Amino acid sequence: MSTDFRKWVCDACGYIYEEEKGDPDSGLAPGTKYEDIPNDWMCPLCGLTKSDLRLLPDAPSPSVKPVVRNKTTTGKCKGGDDYVVIIGAGIAAWSVAEEIRRNDPQTPVLMVTSCEGLSYPKPALSTALANGKSAGDLVDNDGLSKAEELNIDIRTETRVIKIDTKKKRLTTAKGGIQYHKLVIAIGAHQRELPINGNASSSIMRVNDLAAYRKFRKRLAENVQHVTILGGGLIGCEFAEDLISSGYKVSIIDPAEYPMANLLPEKTGHQLQQRLAEKGVSWLFKTTVDSVEQSGAHLRAILSDGVAIETDMVLSAAGLVANTQLAAKAGLPVNQGIIVDRQMRSLDADIYALGDCAEVEGKLFSYIEPIRRQAAVIASNLRNVEKSFELKSPLVRVKTPSYPLTICPPEGTQNFDFDTVVDESGDRTDYLVDHELVGFVLSGETSKQGSVLYKEIHG
Amino acid sequence: MSEAAIKIEDDLLPLDKLIEETQKVVDEDLKPLTVKIDLEGYYPKEVLKKLGPLGAFRQHLPAARADGETDMGAAIQAMATVSHECLSTGFSNWCQDTCGWYLQMAANPTVRENWLPKVSSGEVLAGTGMSNTMKAFAGIEELRLSGKRVEGGYIVNGTLPWVSNLGEDHVFGTLFALSDEPGKSVMTLLDCSMEGFSLRQSAHFVALEGTRTFACIFEDVFIPDDMVIDHDGAAFLKRARAGIVLLQFGMGVGIIQSCIDICRDVEPLLGHVNQYLDDRPDELQEELDDAVEACLALAEDPYDDSDEFFKEILQLRLAAGELAIRASQSAMLHTGAKGYLHTAPAQRKLRESYFIAIVTPATKHLRKELDAMAEAA
Numbered sequence: 001m002s003t004d005f006r007k008w009v010c011d012a013c014g015y016i017y018e019e020e021k022g023d024p025d026s027g028l029a030p031g032t033k034y035e036d037i038p039n040d041w042m043c044p045l046c047g048l049t050k051s052d053l054r055l056l057p058d059a060p061s062p063s064v065k066p067v068v069r070n071k072t073t074t075g076k077c078k079g080g081d082d083y084v085v086i087i088g089a090g091i092a093a094w095s096v097a098e099e100i101r102r103n104d105p106q107t108p109v110l111m112v113t114s115c116e117g118l119s120y121p122k123p124a125l126s127t128a129l130a131n132g133k134s135a136g137d138l139v140d141n142d143g144l145s146k147a148e149e150l151n152i153d154i155r156t157e158t159r160v161i162k163i164d165t166k167k168k169r170l171t172t173a174k175g176g177i178q179y180h181k182l183v184i185a186i187g188a189h190q191r192e193l194p195i196n197g198n199a200s201s202s203i204m205r206v207n208d209l210a211a212y213r214k215f216r217k218r219l220a221e222n223v224q225h226v227t228i229l230g231g232g233l234i235g236c237e238f239a240e241d242l243i244s245s246g247y248k249v250s251i252i253d254p255a256e257y258p259m260a261n262l263l264p265e266k267t268g269h270q271l272q273q274r275l276a277e278k279g280v281s282w283l284f285k286t287t288v289d290s291v292e293q294s295g296a297h298l299r300a301i302l303s304d305g306v307a308i309e310t311d312m313v314l315s316a317a318g319l320v321a322n323t324q325l326a327a328k329a330g331l332p333v334n335q336g337i338i339v340d341r342q343m344r345s346l347d348a349d350i351y352a353l354g355d356c357a358e359v360e361g362k363l364f365s366y367i368e369p370i371r372r373q374a375a376v377i378a379s380n381l382r383n384v385e386k387s388f389e390l391k392s393p394l395v396r397v398k399t400p401s402y403p404l405t406i407c408p409p410e411g412t413q414n415f416d417f418d419t420v421v422d423e424s425g426d427r428t429d430y431l432v433d434h435e436l437v438g439f440v441l442s443g444e445t446s447k448q449g450s451v452l453y454k455e456i457h458g
Numbered sequence: 459m460s461e462a463a464i465k466i467e468d469d470l471l472p473l474d475k476l477i478e479e480t481q482k483v484v485d486e487d488l489k490p491l492t493v494k495i496d497l498e499g500y501y502p503k504e505v506l507k508k509l510g511p512l513g514a515f516r517q518h519l520p521a522a523r524a525d526g527e528t529d530m531g532a533a534i535q536a537m538a539t540v541s542h543e544c545l546s547t548g549f550s551n552w553c554q555d556t557c558g559w560y561l562q563m564a565a566n567p568t569v570r571e572n573w574l575p576k577v578s579s580g581e582v583l584a585g586t587g588m589s590n591t592m593k594a595f596a597g598i599e600e601l602r603l604s605g606k607r608v609e610g611g612y613i614v615n616g617t618l619p620w621v622s623n624l625g626e627d628h629v630f631g632t633l634f635a636l637s638d639e640p641g642k643s644v645m646t647l648l649d650c651s652m653e654g655f656s657l658r659q660s661a662h663f664v665a666l667e668g669t670r671t672f673a674c675i676f677e678d679v680f681i682p683d684d685m686v687i688d689h690d691g692a693a694f695l696k697r698a699r700a701g702i703v704l705l706q707f708g709m710g711v712g713i714i715q716s717c718i719d720i721c722r723d724v725e726p727l728l729g730h731v732n733q734y735l736d737d738r739p740d741e742l743q744e745e746l747d748d749a750v751e752a753c754l755a756l757a758e759d760p761y762d763d764s765d766e767f768f769k770e771i772l773q774l775r776l777a778a779g780e781l782a783i784r785a786s787q788s789a790m791l792h793t794g795a796k797g798y799l800h801t802a803p804a805q806r807k808l809r810e811s812y813f814i815a816i817v818t819p820a821t822k823h824l825r826k827e828l829d830a831m832a833e834a835a
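Those sequence lines, one after another, are chains A and B.
Read in order, the letters of the first sequence are residues 1 to 458 in our numbering.
Read in order, the letters of the second sequence are residues 459 to 835 in our numbering.
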C-alpha cells in the first residue's frame, strides 16, 4: 500500500523536506512524516525549526505574471568629450535639443533625465479634465522615440547627482557621464508651504506629468471637494478645470484677490466673481495651518481658525527654481541659476534655461521665452553669438469662463492705468509717458493679445 | 534626541588619519588571518576590537561624536579599507555600523543612551537582523517574528535565519510584527543573552564564513520597552533605510577596488595578453570612481527619507552588485591559473563578490523594488 508522502519547504531558505527520503543526516529516517519530526529538529540549511516548514503543493506554482517593463533600464550612453549634454526632459530641454538639430545634424547630444522622458504639453495639465483627457492622453511622444527622431541619445530614470565642472563629468547612480557643453534645464518645483497636521503629507503638488498622474488617480478615489492653496494662475486654471468637471472647489490665498501679482484689482475681482458664479468658494487673506485626517475626509484648518472639510488639498503656491545641483557645483545661483543673456552660467561651458534659470534678476517661466532661450543656446553652441531679448512674456490664462491675456509690464516703476470696460471684456493698458508697456485683456477682448503684444515688442 | 546624555570623551581622527590607522590594523592584524577566516570560518573578533577604538564604527553617528556631525562617507571609506582585504570582516564592520545607525535613528532615547556608546565604540559587538524586514516591506516574504504587547514590553516569537556578527554577548537590531495589530510592527534592539532567545549554527557558505552567522530562535522572548528602538516599525524603516543601504557601499567599494588592484598587479607580467580581455582595470576603475562619487554625494544627507532619494540609492546599490561580480570575474581572468589556486585572493574575491549581489537587498530584490517604484510614479 502506498503511503502518501508529502513534501515540505522551509520558509526561510527553500530547503525541501521530503517525507519519503527523510533527513538521515539529522537522524530522520526515510518515511518520517512531518508529524513525527521532533520539535528540536533543525533545518540543515538555515537552522530554523519544524514550525517553519510549509506544505509544498504538488501542483507547480501558478506561473508568475511576467514583468512587462524592461528588466534593464534603457539608455547606456555615457556622453563624451564632444557631447552636448542636456539635463532635464521638460519643454526647455526638448526645445534645446530641437533647436540644436535645426541647424546641426552632427553634434552628439545626450539628454539625461530623472523622469521617464515623456514629451507632453505641460500647460495642458491644468485643462485636461474638462477636455476629457487622461494623463496618458497628454503624452504626444515617448522619450526614446522622440530622441530617435531627433537623432540624439537619451538616458531616462537617471538623476544627475553632481556636476564636476573641472572634469566636465556628471555623477549619476547609473554611472558617470562626460560632457563637452552642458545645458541645465531642470525646471522648478511647487513651493512647499509650512503646513502641519497628520495629513500634511497628503497635500498634492503638481508640476509634472508624474505628479499629475498621481493627482488624477487620487481624484478618482471618491474625491468630491478639492481645496486649492494659492489663487495664482495655476490655482485658478486648476479650479476652473475641476469645477467644470463636477468637483467642488475652495481656493485659499493670502492676497485680497486672485492672481494679484499679474492682474489689476478690478480684473482680479472680475475673475473671482466669474469663478464664484461657477461655484468656486474663495477664502482670501488667510493661509492653511494644518491638514488633518477627518474620518474618510480631510480637514484643513486655516490661520483664522476656520476649518474646511475637504477630500484633497492641492498646493499651487508658486514655483521655486531647482538650483541645488548648480549651487553644489559652485555656480552662482539666486532665485534661479544665474546666466547672462547668452544663457551662459559663470562656467562658459554650462548653460541654463527655463524655470531654473535667472537672467538679469528675472525668471522666465512661460513657454514663449523658453523657446527663445533654447534658440539662443543652440546658436551659441555653434559659435554664432546670440543674445536673449528680455521682454515680458505674453501670458494666456486658461480660465474659459473668463479668459485672460496678459503682458505684464517690465520693471517696478509706477504705471498709469487705463481701463476700458466693455461688454465683451475689459482692457487695461499699462502706460509710461502715454506709451503702452503692458496690458491685461479679458473675455472676448483677450483674443487681441497677439496684435497688441506686437505693438509693444514688435 | 537627548544626545547630550551620552558622554563623549575623545574626538575623532581626521579622515586621512582614520584610513591610515585602519589600514595599519588591516595590514598587521587582519591580513595574517584572511585565509583562516575564509577557509576555517575564523571570527576576527580581535580585529573588530581594534577598529572600534579607532572610531571606525561611529563616523556616521552624531550622538557618538563630540562634534555631533554625521560623516557617513567616512564610515563607508573605513569599511572599504577593511573590505578591500577581507569581505567577511568588512561585513561584520557593516553589521556593527548599521546596528549603531539603528540606535542613532531610534525614537526612544533610552535605548540610544544605554547602548549607542557601547556599540559605536565596539565594546559590544552588534548585528542586524533586518534582511527579513526589508524583504517583507518589499513584498517578497512575510515578517518572521511576531510580538504581543504586554505590560512594560513585548513578548516575541519566531525565527530568523542567518543573522551575522552575533554571539552570546552581542546585540542586534530587528523588527517584529504585532500579532494583534495587522500591519503594525516594532523595531527593537535584542540582547543575545535574553531569556528565551537562542542562536543556532547552521549551514556553511562558500564565503564570509567568519561572520558568526546564526539562526535566531525567539521563544517567548520578553523585550522591555527600554530596548525598543521605535514602537512604529514602518516609520523607523522609512527614516533609517537610506543609511542602511548607503553603508553597504563600504563593502562594495572595498571588494571592487581589490579586484581592480589584483588585475593591475599582474599587468607588468601579463599585460601583453590581458589586453585582450574585457573589463580592463582602467575601465572598471572609471566605473568605480563614478560610483564612489555618487555614493559619497548621496551619503552627504542620509536623513532624506523621500522615495526619490531612496530610489537613487537603490539604483546605485544595484550597480554596485553588478560591478562587484564583473570585477571579480575580471580578477579571475586577469590572474589566470594563479588566481585559481586554493588560497589565491582572486578566487576568494569571486566567491565574496557574489555576496554583494545576494545580501539583502539582492539584485532581484532591487530590480523588483525599483520596478514597483517606477510603477507607482
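Bear in mind the hints are in silico, worked out from the structure with no lab data behind them.
The structure displayed is predicted, hence computed values, not measured ones.
One should not assume that every hint holds.
Interface residues of chain B toward chain A, partial, derived using beta-carbon atoms under 8 Å [stated by the list, open to error]:
id : residue
1  : A524
2  : T617
3  : V664
4  : F672
5  : A673
6  : D678
7  : Q743
8  : E745
9  : E751
10 : A755
11 : E770
12 : A777
13 : A830
All C-beta atoms in this analysis are idealised placements derived from N, C-alpha and C, irrespective of residue type, glycine included.
Consistency of the hints with the structure:
{"no.": "1", "hint": "A524", "in the structure": "violated (27 Å)"}
{"no.": "2", "hint": "T617", "in the structure": "holds (5 Å)"}
{"no.": "3", "hint": "V664", "in the structure": "violated (13 Å)"}
{"no.": "4", "hint": "F672", "in the structure": "holds (7 Å)"}
{"no.": "5", "hint": "A673", "in the structure": "holds (3 Å)"}
{"no.": "6", "hint": "D678", "in the structure": "violated (14 Å)"}
{"no.": "7", "hint": "Q743", "in the structure": "violated (11 Å)"}
{"no.": "8", "hint": "E745", "in the structure": "holds (6 Å)"}
{"no.": "9", "hint": "E751", "in the structure": "holds (4 Å)"}
{"no.": "10", "hint": "A755", "in the structure": "holds (5 Å)"}
{"no.": "11", "hint": "E770", "in the structure": "holds (5 Å)"}
{"no.": "12", "hint": "A777", "in the structure": "holds (6 Å)"}
{"no.": "13", "hint": "A830", "in the structure": "violated (10 Å)"}
Checked against the numbered hints given earlier, the structure breaks hints 1, 3, 6, 7, 13 and satisfies all the rest.
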